[in-house]
Structure formats: structure tokens, C-alpha cells
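Undergrad: Given only the sequences and the hints, what does the whole structure look like? Please build it.
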Amino acid sequence: MSKLIIQTRELWKIYLGGTDPVSALQGINLEVREGEFLLVRGPSGSGKSTLLKIMGLLDLPSKGTIIMDGLETSKLRETARAKIRNQKIGFVFQSFNLIPELTVFENVMLPTWINNRQNINAKEETSSLLKTVGLEEKAHNYANELSGGQMQRVAIARALINNPSIVLADEPTGNLDSKSSLQVMNLIKRLNEENGQTIILISHDSEQERNATRVVNLIDGKLQN
Amino acid sequence: MRYLFLLAYRFLIKRKGSMFTASAAVGATIFLIIFNSVVLGGVVHGVTRDLGDMTWGHISIYNEKGLLERPDDQIIGHVLRDPAVVGAAPRTFATIKANHTLGLDSYSLFGIRAMGVDPIRELSASRLHDSIQEGEFLRHTGSAVIDDEVAKGLNATVGSYIQLKSISDEGPRSFRWLRVVGIFDVPGPTLLDETVIMHQTDLREMMKIKKNYSHEIIVRLRNTEETESVKKWIENSYLNDNDLNIETVDERGRVVITAYREGIQFVNILAYSGMMASSLGVITIMMMIVNSKVREIGILRSIGLTEGQVLIVFMIDGAILGVLGTIFGAIGGTLISLYLAQNPVALFSGLVPEVRFTLDALPIPMLVGFAMSVIASTYPAWRASRYQPEEAMRYV
Ligand SMILES: Nc1ncnc2c1ncn2[C@@H]1O[C@H](COP(=O)(O)OP(=O)(O)OP(=O)(O)O)[C@@H](O)[C@H]1O
Ligand SMILES: [Mg+2]
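From first to last, the protein sequence lines are chains A and R. Numbered according to my numbering, the first sequence terminates at residue 225, and the numbering increases by one at each position without gaps. Numbered according to my numbering, the second sequence terminates at residue 396, and the numbering increases by one at each position without gaps.
Hints are computed from structural coordinates only; laboratory data are not their basis. One or more hints might be untrue.
Said to hold, decoys possible - Derived Cβ-Cβ restraints for the label pairs, each shown as a range: (1) Trp382(R) to Gly27(A): 33 to 43 Å; (2) Thr21(R) to Thr19(A): 18 to 28 Å; (3) Asn291(R) to Glu124(A): 34 to 44 Å.
To be verified - List of simulated lysine-lysine pairs, DSSO-like, C-alpha gap at most 30 Å: (4) Lys222(A) to Lys3(A); (5) Lys14(R) to Lys131(A); (6) Lys189(A) to Lys179(A); (7) Lys152(R) to Lys208(R); (8) Lys83(A) to Lys165(R); (9) Lys97(R) to Lys211(R); (10) Lys97(R) to Lys210(R); (11) Lys123(A) to Lys14(R); (12) Lys165(R) to Lys211(R).
For each residue, glycine too, the CB sits at the ideal point set by N, CA and C.
TA: Written as C-alpha cells, this is what we have:
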């Protein structure tokens, strides 16, 4: 069996702030192995996005730990967490999170600037990734000049530029028409099959079960098998 | 590091309106400070110039206790030996009463100042003759040139005969009838308002002052840069004359000039406090920019930008606003200064500021303005750095 890449232990997330505290995650224990394509399902409000944000080190759990590649992340400082987000994790969100002030090319290249790796040819990789997602002609357009499907493909290219071991996708096709959805999902599937990247996908789409290697259900902040 | 500049630059350039408003606010204060220091500096130069031209010469030789103890010709002859000196003239003073009768009405002024001069020497030692508004400058005994306020007070014009009287002495020769040959008007701070200029011989006779002795010798130089060295030389020539005071116009006019300097410093303080207002402008606009970029900040954080790097991005924006504002302000300030240096304008009191534009007027306001802009952006930048990466997804 391949090695564990993410492991959560007794993960709790309690949102304060509102009138009543919301326990969005209630003791999640989840193990994801390298190369898995994990589909997370569950009704709206069950805590799927919350789980993904915490596993992607975008937010802190109220309780519990996340072990990533054997590294206990709850003790890390914010700069170290930022470095992991940059180098090990690629995010794709439902709302195509691009920077509108940058061109498509710059958006895709941005994580390499932050990473500051000397030994990769960032420009060439950016071009080749844009070719992979079929957007090389749009390279010098600003991000907000694209259609939703195009933006999402740019977001995927950006998620991949630093060659992360894990790709986290939260309803990446939620805002797309069926043709664009298919393109995006095929891309994600190829990542898993050809590059062996670990995928954790949140989707309501039952079609995705066929692509996934494992499915978990989240209900009221708890995993059901 | 370069991409942080790119991000900062793009965030700003996509909001040109805000960018120009904020930098205009910075520029306006920098402009004001340069304007103040140059124009008000020009006021000081102008006052000093007028005091030198009209009142005390570039160097004044006088005796605090009264008349100089050496005859004027001796002192004048000596100082004229220095080629830097273009003229020297004696002046004698008295406080007098002046009367003028016109038809059945008579007018009088009490306690005004009479200044006895040597008309020929005065031509090369001062620019009093340039201040004549009507008539001509003094030429002979028996005539007087009066200040326009004296003319008003006495209801006298060119051609009027006025009677001048010593206040202290009631003797038979203590008054004079003089014909007004000219009316002069000097700019405000020259201290020559309410003055009657007359021939020194008339004044000496009226006041019973011995011939050849005066209260003051004014010395005019070819070039004011030589003032200090000429003063030293004169001092060395009269080492044993304890009664001689030898002072440059800056020293003699210290009270007047200091008053202007202090006024200017006060106005400068006001201008620098205007920076508070423009820093508020920078803070407000930077906050607007930060608040409109919350989502982008979240995205940047989610792909690995650290809090410190977000801070830097918005600090760079503050610096860009500072640089732009500084450039606007410096260009504006330079243009107005150069214009005023070329086209002197008289102020309320008739004083024409001597605006000299030098590049030294620029660095301090520019530096302060730039620093202000950067400092003002620290709070918005800090706020930006506090947004957490998960907020990227909350603003859909
Ligand atoms: N920032 C927040 N502050 C307070 N409550 C929150 C916050 N984010 C999520 N919640 C609450 O936590 C619960 C889980 O939300 P989450 O977004 O994880 O659900 P989800 O499974 O992704 O739902 P959906 O399928 O609709 O996207 C919900 O009840 C939600 O209202
Ligand atoms: Mg969700």
C-alpha cells in the first residue's frame, strides 16, 4: 500500500460568531494515501468545505491535528503553513479564484514566483500547462476576460504549476455548464491517472463516483462509511 | 520580490482614480511646503534686500550712544578704498515736529523722524532715490523729500513749503522752512515710514550738530556675498574705536528679520501639519483599496503568500503613492517658484519677495512627504495582512 499523505485525528471545527456556535466538524478521522482519488460527498452544510479548508491548511481546526507527509502541522508557524500551501497543495475552488489584475500567464506563474525555485523553467512550464488546459491563446488576456470554464481551467493550471502532491478541489464544476464541467473533470482525472497526484474532490455530481478510487460521506460533521 | 512589486503596481493601476486622488493629496502638501519655504524665504530675502537698499546699507557703522566720534569724511574715505564698496553715505537723525499751512488750515505732525543725508553720496550708497513716487530726489539744502504718509498727514504736495522744528530745542535757529521736492514710498518693513529726508547741513544746523559728524554711515557693496569680509576689514581698521558699532544688515535688522523668520517657521509648521490631513487621505484610500481586495488577498494567501509579503505589497502601494505625490508636488512647487523668481509680485505692504529657487528647497519636503505616505499606509497594509486565507472563499 502506498504511503499516508494526509491523516486527520479527531478534527473538530466549531464556528463561534453567530447566535449559536456551529460544530461544522465533529471528530473527523480520515486517512488519505498517495495517489488516491477521494470523493467527499454530503448534504449542503454538512461540513465538506470546512474539512477541505482545514486539510489544505487554509484554516485552523478548533481541536485535533492534521499530519501531512508525516509532519504534524498544528505546531507549524503561519509562514511554514504558507510554504506547504505553496509547494505541496494545489487548490481549485468553485468560484474560479484568479487574480483579475494579472494575466492568465501571470496567474498560472504566480505560485512559482512565491516558491522562488531556481531550478525550474517556470515560463516553459507555464506555457506547457496552459497548452494542457487548452488556453495557450488566452495567455496574455487578463483573467477576468475569460469565460467561467476557461477561468476554472486556468485555476487548475495554477494549482498544478508547483507540481503539488495533493490537489484539493471544492465543487470545481459547480459554476460550469456541462461541456466545461466535462473538460474540467477530465483534466482532474488525468492528473490522478497520469501524474499520480492525490486528489480530494468535493462534488454533488454522482458521475464522479466512477472516477474516484474511494468515496466518503460527510453528514452533520461526521464521516459515515 | 519582483512579483510583489508587480502585484502592488497592478492593484493600484487598476484603480487610477484612487491612485491619483491619494497622490494628489500627498502632492498638494508637498507643493504647499515648497511654496511656503520658497516664497516666504523670498519674503525674508526681500526684507533683507530692502533694509540694505534703504535703511541700513549692507553694512552700517554707527554709535549706539549718539554721534560717531570720527568725522564722516574720514570713515567714508577709508571704506571707499575697498574695491568691494560701491558707496558710503552719512546719515543724521532727529525727532521733529512738522507744520504745513494751506490757505487757512494748518496741519502738523509731532514726533516724526528727520533724516539728514548727503544727496550726492546717497545716490551711490542707497536706492532711496528709486522710491520717489512724485517729484525728484533731494538735491540741495532748503529742500525735503517726504514719505507719502507724512505728505498725507500734512496735506502737502510737491512744491509745498513745510516748517520743521526741533522738539528738544526752542532756540532761534531751531526751525527750518523747506520746500518739498519729492514724495517717496518705501515698502513696509523698511522703517522709513513717517520720515522726512532733508539735507544733512539743514538738519545739523537745526539740531546744532557739529559739522562733519553724523549718527551713522551706511556702506553699499558691489556684491552682498562680500559683506562678511568687508565688515571684518572695517573692524580691523578701527580696532581701538570702542564706540563704533559695525554691523551687517542681517545683524542690524535682526529684530525685523527674525520676526519674519519666525512667522515663516510658524506657517511651515502649519504646512507640515497639513500633512496630517493628506496622510488621512492616504489612509482612507488605501483602506478602500485593501477592502476591495479581500478576496484577492485570500487567494494570494491560499497559494502561499505570507502575511509579511501581503504587508509588503500594500506598503509598496503606499510608497508608489508617495513617489507619485512627491513628483507632482515637486514639479508644482518648482514651477511656481521659478515663475515667481522670474515674475516678482508685490505683496500687501509693497514688499516684493526676492524668490530664489534653489534645488535645496526640494529634498526635505519630498522626503517627508514620501515618508508620510509610507507611514500612512502601514495601518491599511497591516489590516490587509491580517486577512486569513479562508476568506478567499467566503467572498464569492
Ligand atoms: N466562516 C463561517 N462562520 C460560521 N459558520 C460557518 C462558516 N463557514 C461555514 N459555516 C457553517 O458550518 C457548516 C458547514 O459549512 P460548509 O461550508 O463546510 O458546508 P458544505 O458541506 O461545504 O456545504 P455546501 O455543500 O452547501 O457547500 C454550515 O452550517 C455553515 O453554516
Ligand atoms: Mg461547500
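Undergrad: Hint check: Lys97(R) vs Lys211(R), CA-CA at most 30 Å. Holds or violated?
TA: holds, 22 Å
Undergrad: Would the hint linking Lys83(A) and Lys165(R) be met if the CA-CA limit is 30 Å?
TA: Not OK: Lys83(A) and Lys165(R) at ~96 Å, beyond 30 Å, violated.
Undergrad: Would the hint linking Lys189(A) and Lys179(A) be met if the CA-CA limit is 30 Å?
TA: Roughly 15 Å between the alpha carbons, so the hint for Lys189(A) and Lys179(A) holds.
Undergrad: Just to be careful, I want the Cα atoms of Lys152(R) and Lys208(R) compared with a cutoff of 30 Å; is the pair within it?
TA: holds, 29 Å
Undergrad: Going straight from one Cα to the other, do Lys123(A) and Lys14(R) come out at no more than 30 Å?
TA: holds, 25 Å
Undergrad: Just to be sure I understand the hint, the distance between the Cβ atoms of Trp382(R) and Gly27(A) should be within 33 to 43 Å; is that true here?
TA: holds, 36 Å
Undergrad: For the pair we were handed, Lys14(R) and Lys131(A), check the Cα-Cα distance against 30 Å.
TA: holds, 28 Å
Undergrad: Starting from the range 18 to 28 Å, see whether the pair Thr21(R) and Thr19(A) falls in it by beta-carbon distance.
TA: violated, 40 Å
Undergrad: Are Lys222(A) and Lys3(A) close enough, with their CA atoms no more than 30 Å apart?
TA: holds, 24 Å
Undergrad: Do the alpha carbons of Lys97(R) and Lys210(R) lie within 30 Å of each other, as the hint requires?
TA: Holds, at roughly 21 Å.
Undergrad: Straight-line Cα separation of Lys165(R) and Lys211(R) no greater than 30 Å?
TA: holds, 19 Å
Undergrad: I want to verify a distance hint. Is the separation of the beta carbons of Asn291(R) and Glu124(A) within 34 to 44 Å?
TA: Check passed, 38 Å falls within 34 to 44 Å.
The structure fails to meet hints 2, 8 from the earlier list, while all remaining hints are met.
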